[in-house]
Every structure is written in structure tokens, then in C-alpha cells.
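**Q** Sequence:
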Amino acid sequence: VQSIDHIPADAIEEFAMVLENIRPDVEAGNPYPVREAYEHLQRMFLTYCENDLICLILGRLQDHLTRVRLASRATDDRQWLHIEYWVMKDELDALRARDVNRLTTTLSAHMDMFRRWILQSWISPDQAEKG
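Start counting at 1 in the sequence shown, then tack on 312, and there's your number in the numbering used here.
Quick caveat, the hints were computed from the structure, so don't treat them as lab data.
Think of the CB as a built atom: it goes at the ideal place given N, C-alpha and C, for glycine as much as any other residue.
Please note that a few of the clues may not be correct.
As the list claims (entries may be wrong) - Simulated restraints, written as ranges between beta carbons of each label pair:
1) Asn363 to Trp398: 24 to 32 Å
2) Glu325 to Trp434: 34 to 42 Å
3) Asp317 to Glu339: 32 to 40 Å
4) Asp388 to Asn413: 31 to 39 Å
5) Asp322 to Gln432: 32 to 40 Å
6) Arg372 to Glu339: 31 to 39 Å
Let the hints inform the model, and build the full structure from the sequences given.
**A** Put into C-alpha cells, the structure is as follows:
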């Protein structure tokens, strides 16, 4: 989020094109290209981050999240990827507006929704019955 002022408009528009190009797939029920769009967004944040410590932390977090995402591919994640596409569209709007507060809120909600989805996806049937 601290990099928002350092991200060039053309990089933001490149991300917009990534999302626009995968929209037909998402709408056709094939949301798998969303994974690459998410990785594109994360690379953009890392590329334009000027704080080495934040870049290091974000890089390690992304490594961890990538491992979780790869492990989650054993589950049917189409519903999540469809949701994630629209969340990234909101993040794009915040980036275009250079609205740090909106981007912070949207990114936080994005991570929280992913955390909830992954926990729900990995819960055992016995645990689901308990509650």
C-alpha cells in the first residue's frame, strides 16, 4: 500500500488489461486465469515498493500464500477465483483513484476472505458437522 504513489499509471493499466483479458473466461465459468492475475498484482506491488523491509516481508508472505494456493488446487476453487476476480477489480479501482484508504480496506478484506475460504475448504466433514 505504501507503494501506491510509486506505481506508474501504465503499470496499473497493464493490470487492468490483464483483468479485462480474463473476464470472458471468468464469465464462462473458467476462472483459473485469475491465479495469474493475482500473481501479476503481487509482483506489481513488489516491483514498486521502495521500503526494503516491507518488500522482504511481502515477498515472504507471498511465498507462503503461493504454497497455500498450490495446496488448495486439490479443492474446487472456481467459486473463490470468481469472487477474487471481482475483488481485484475493486483493488484496481482503488489503485486508479490512488485511494490508499480504499486500497488498504480492499486488500485487507481480500486476505480475510481468502483465509476464510481456505479454512472452510480444508475443514473435515466431521468438523463441519460439529459446527
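**Q** If a hint holds in the structure, say so; if it doesn't, say that too.
**A** Hints and how they fare:
The supplied range of 24 to 32 Å is met by Asn363 and Trp398, whose beta-carbon atoms lie about 29 Å from each other. Checked against the hint of 34 to 42 Å, the C-beta distance between Glu325 and Trp434 comes to roughly 36 Å, which is consistent with it. For the hinted restraint 32 to 40 Å between Asp317 and Glu339, the CB-CB distance of approximately 33 Å keeps it satisfied. Between Asp388 and Asn413 the C-beta distance comes to about 34 Å, which sits within the given range of 31 to 39 Å.
Between Asp322 and Gln432 the CB atoms are about 38 Å apart, so this pair conforms to the stated range of 32 to 40 Å. A hinted range of 31 to 39 Å for the beta carbons of Arg372 and Glu339 is consistent with their spacing of about 34 Å.
Figure legend: structure checked against the earlier numbered hints; every hint is met.
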